[in-house]
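Peer 1: Sequence:
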Amino acid sequence: MGKFSIRFRPYTLAMRHVFTVASFSRTTTPVVLTEIEYEGVVGYGEASMPPYLGESQESVMNFLNKVDLSPFSSPFQTEDILRYIDHIDAKNTAAKAAVDIALHDLIGKLLGQPFYKIWGLNALRIPATSFTIGIDTAAVIRQKVMEAASFKMLKVKLGLETDKMIIETIRSVTDVPLCADVNQGWKNKEEALEMTHWLTERNVVFLEQPMPKEQVDDMAWLTERSPIPTIADEGCQRLTDVVGLKDVYSGINIKLMKCTGMREAKQMAELARSLDMRVMLGCMTETSCAITAAAQLAPLVDWADLDGALLIGNDIFDGLQIVDGQCHIPERAGIGVVLKA
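Numbered continuously in the working numbering, the sequence shown closes out at residue 342.
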C-alpha cells in the first residue's frame with residue numbers, strides 16, 4: 002500500500018504551420034501536462050484542448066484539483082479509480098484522459114512492460130500513419146505535401162468551396178492514397194454523394210465526418226450509397242455512442258481526448274469490431290505523451306492518424322517514432338515516453 006500524488010501544469014503547443022479546418026484556424030493548442038506519482042514512480046499524462054472540445058487549461062486544472070486519489074491504495078485498482086474519475090464531473094473528457102494516460106503509464110512502469118504488451122497486442126500490426134494537410138493555398142499545400150513525401154497516406158482537410166482545388170493540387174504532386182476529413186463541412190447529402198464519387202476517382206480511400214453529426218438520417222443515406230467508407234469523428238465521442246452509429250457510418254474514429262483515455266478507447270475499438278465496423282485511431286494536436294499512449298492501441302485498428310506531435314515545434318517528450326510513415330512504439334515500460342533533456 003502506497004500513496005499517490007498528482008501534479009499538473011499548463012503548456013502551449015506551437016504549430017509549425019497555421020492549421021486550418023472547415024470551421025476555424027489556429028496557430029497554438031493549449032494542453033495540460035499531468036504526472037501521477039506512486040511510491041517514487043511517475044506516470045505521465047496529457048490533456049489537449051482544441052477549441053471545439055469546449056475545454057480549456059482552466060477547466061482542466063479545475064477538474065484535476067478535484068481529484069483525490071487518497072482512498073485508493075494501489076494503481077492496480079484501475080477500474081475503481083477511473084470510474085471515480087469519470088463521475089467527478091460530466092464531460093471534461095480531456096481532463097479525464099490526462100489521468101487515464103498517467104495511470105496507464107504508471108502501471109506499465111510498475112510492471113516493467115510497454116502497455117501494448119500488457120494488452121497482448123502485436124506491434125507489427127500497426128498500420129502506417131497518415132500525415133495531415135490542412136486547408137490552405139495551392140502553393141502552401143504543395144509545400145506541405147512535399148514535406149510529407151515519406152508518408153504512404155495523407156489526410157486532407159476539406160469542407161469549403163476549395164475542396165476540388167485542394168485535391169487537384171495534391172494530385173499534381175503525389176499519387177499516394179488520401180483520406181478526406183470534411184469536419185462536418187458538407188450540408189447537402191446529394192452534393193456529398195457526388196463528391197464521394199469524384200473523390201473515389203482520385204484515390205481517396207475513406208471519408209471522415211462528411212456531414213454535421215446532427216444530420217443522422219442524411220449520414221445514413223450517404224453511407225448506404227457511398228463508394229468509400231464513412232467514418233464518424235465529431236459524431237462519435239464515447240463508448241455509449243458506438244452501437245447507435247452502426248449503419249449511420251461505416252466506422253468510427255477514436256481519440257483519447259474525446260473518450261476519456263486508453264481504457265475506454267480499447268473498449269470502443271473492440272465493440273466496433275464486434276459490430277463489423279471499421280476503426281480509425283486519431284489524435285488532436287498533442288505532445289508525444291498522448292500520441293504514444295494512443296499508439297499502444299494501434300494494432301487494433303484499420304487506419305492510424307497519429308501525426309499530432311509532428312505538427313508542433315515544441316514537443317517536450319521523446320516517444321513514438323515515425324519513419325517513412327510507419328509507427329515504431331518505444332520498448333520502454335508504460336506508454337513509453339521520457340522527457341527530453
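Rather than coming from a laboratory, the hints here were simulated on the basis of the structure.
We put the beta carbon where it would ideally sit given N, CA and C, even for glycine.
Hints may be right or wrong, so weigh each one.
[To be verified] Listed next, the in silico DSS-like pairs over lysine-lysine satisfying Cα-Cα at most 27 Å (straight line):
| id | residue 1 | residue 2 |
| --- | --- | --- |
| 1 | K267 | K92 |
| 2 | K190 | K247 |
| 3 | K267 | K190 |
| 4 | K341 | K118 |
| 5 | K214 | K188 |
| 6 | K188 | K153 |
| 7 | K153 | K165 |
| 8 | K188 | K247 |
| 9 | K190 | K145 |
| 10 | K165 | K145 |
| 11 | K165 | K188 |
| 12 | K67 | K267 |
| 13 | K145 | K118 |
| 14 | K267 | K153 |
| 15 | K92 | K214 |
| 16 | K67 | K118 |
| 17 | K92 | K190 |
| 18 | K165 | K214 |
| 19 | K92 | K118 |
| 20 | K153 | K190 |
| 21 | K118 | K214 |
[Stated by the list, open to error] Beta-carbon label-pair distances, calculated as ranges:
| id | residue 1 | residue 2 | range |
| --- | --- | --- | --- |
| 22 | D218 | A140 | 10 to 20 Å |
| 23 | E59 | H88 | 35 to 45 Å |
| 24 | V43 | D325 | 15 to 25 Å |
| 25 | V42 | N315 | 37 to 47 Å |
| 26 | L161 | N315 | 25 to 35 Å |
| 27 | T28 | S71 | 18 to 28 Å |
| 28 | R17 | L125 | 44 to 54 Å |
| 29 | R17 | K247 | 12 to 22 Å |
| 30 | R203 | V141 | 17 to 27 Å |
| 31 | D69 | D218 | 37 to 47 Å |
Peer 1: Look at each hint and say if it fits the structure.
Peer 2: Right, here's what the structure says about each hint:
1. Taking the CA atoms of K267 and K92, the gap is near 19 Å; set against the 27 Å cutoff, the hint holds.
2. Distance restraint check for K190 and K247: the Cα-Cα separation of roughly 18 Å lies within the 27 Å cut-off, and the hinted pair is therefore satisfied.
3. With a C-alpha separation of about 32 Å, the suggested pair K267 and K190 falls outside the 27 Å cut-off, and the hint is violated.
4. A threshold of 27 Å between alpha carbons decides the hint, and for K341 with K118 the separation of about 24 Å falls inside it, so the pair holds.
5. Taking the CA atoms of K214 and K188, the gap is about 10 Å. The hint holds against a cut of 27 Å.
6. Between K188 and K153 the CA atoms are separated by roughly 30 Å; this puts the pair beyond 27 Å, and the hint is violated.
7. Between K153 and K165, the direct Cα distance comes to roughly 21 Å. Compliance with the 27 Å bound is thereby established for this hinted pair.
8. For the given pair, K188 sits about 21 Å from K247 by alpha-carbon distance, which is consistent with the 27 Å threshold.
9. Proximity of K190 to K145 is assessed by CA-CA distance (about 30 Å); at most 27 Å being required, the pair is judged violated.
10. For a cut-off of 27 Å, the pair hint linking K165 to K145 stands: about 17 Å separates their Cα positions.
11. In summary, the hint linking K165 to K188 is supported, as the alpha carbons are separated by about 16 Å, within the 27 Å threshold.
12. A threshold of 27 Å between alpha carbons decides the hint, and for K67 with K267 the separation of about 26 Å falls inside it, so the pair holds.
13. Pair hint K145 plus K118 does not hold up; C-alpha atoms about 35 Å apart against a cutoff of 27 Å.
14. Distance hint between K267 and K153 is fulfilled; the C-alpha atoms sit about 25 Å from each other, no more than 27 Å.
15. Using a Cα cut-off of 27 Å, the hinted pair K92 and K214 holds, with the two alpha carbons roughly 18 Å apart.
16. For the hint linking K67 to K118, the alpha-carbon distance of about 32 Å lies beyond 27 Å, and the restraint is violated.
17. About 30 Å separates the Cα atoms of K92 and K190, which puts this hinted pair outside 27 Å; it is violated.
18. Of the supplied pair hints, the one linking K165 and K214 holds, its CA atoms being roughly 23 Å apart against a limit of 27 Å.
19. Under the criterion of a C-alpha separation no larger than 27 Å, the hint pairing K92 with K118 is inconsistent with the structure, at around 30 Å.
20. For the hint pairing K153 with K190, the CA-to-CA distance comes to about 30 Å; that exceeds 27 Å, so the pair is violated.
21. Restraint check for K118 and K214: the C-alpha separation of about 35 Å exceeds 27 Å, so the hint is violated.
22. Separation of D218 from A140 is about 40 Å and departs from the stated range, judged on CB atoms against 10 to 20 Å.
23. The hint said 35 to 45 Å for the Cβ distance between E59 and H88, and at roughly 21 Å that hint is violated.
24. Remark: the range hint 15 to 25 Å for V43 to D325 is contradicted by a beta-carbon distance near 33 Å.
25. The hinted window of 37 to 47 Å between V42 and N315 is violated, with their beta carbons roughly 26 Å apart.
26. Between L161 and N315 the beta carbon distance is about 29 Å. The supplied range of 25 to 35 Å therefore holds.
27. At about 40 Å, the beta-carbon gap between T28 and S71 misses the expected band of 18 to 28 Å.
28. Evaluation of the 44 to 54 Å hint for R17 and L125 yields a failure: the beta carbon distance comes to about 30 Å.
29. Between R17 and K247, the C-beta spacing of about 38 Å breaks the proposed range 12 to 22 Å.
30. Taking 17 to 27 Å as the suggested C-beta distance range, the pair R203 and V141 conforms, at roughly 20 Å.
31. Against the hinted window of 37 to 47 Å, the Cβ-Cβ separation of D69 and D218 comes to about 44 Å, which satisfies the hint.
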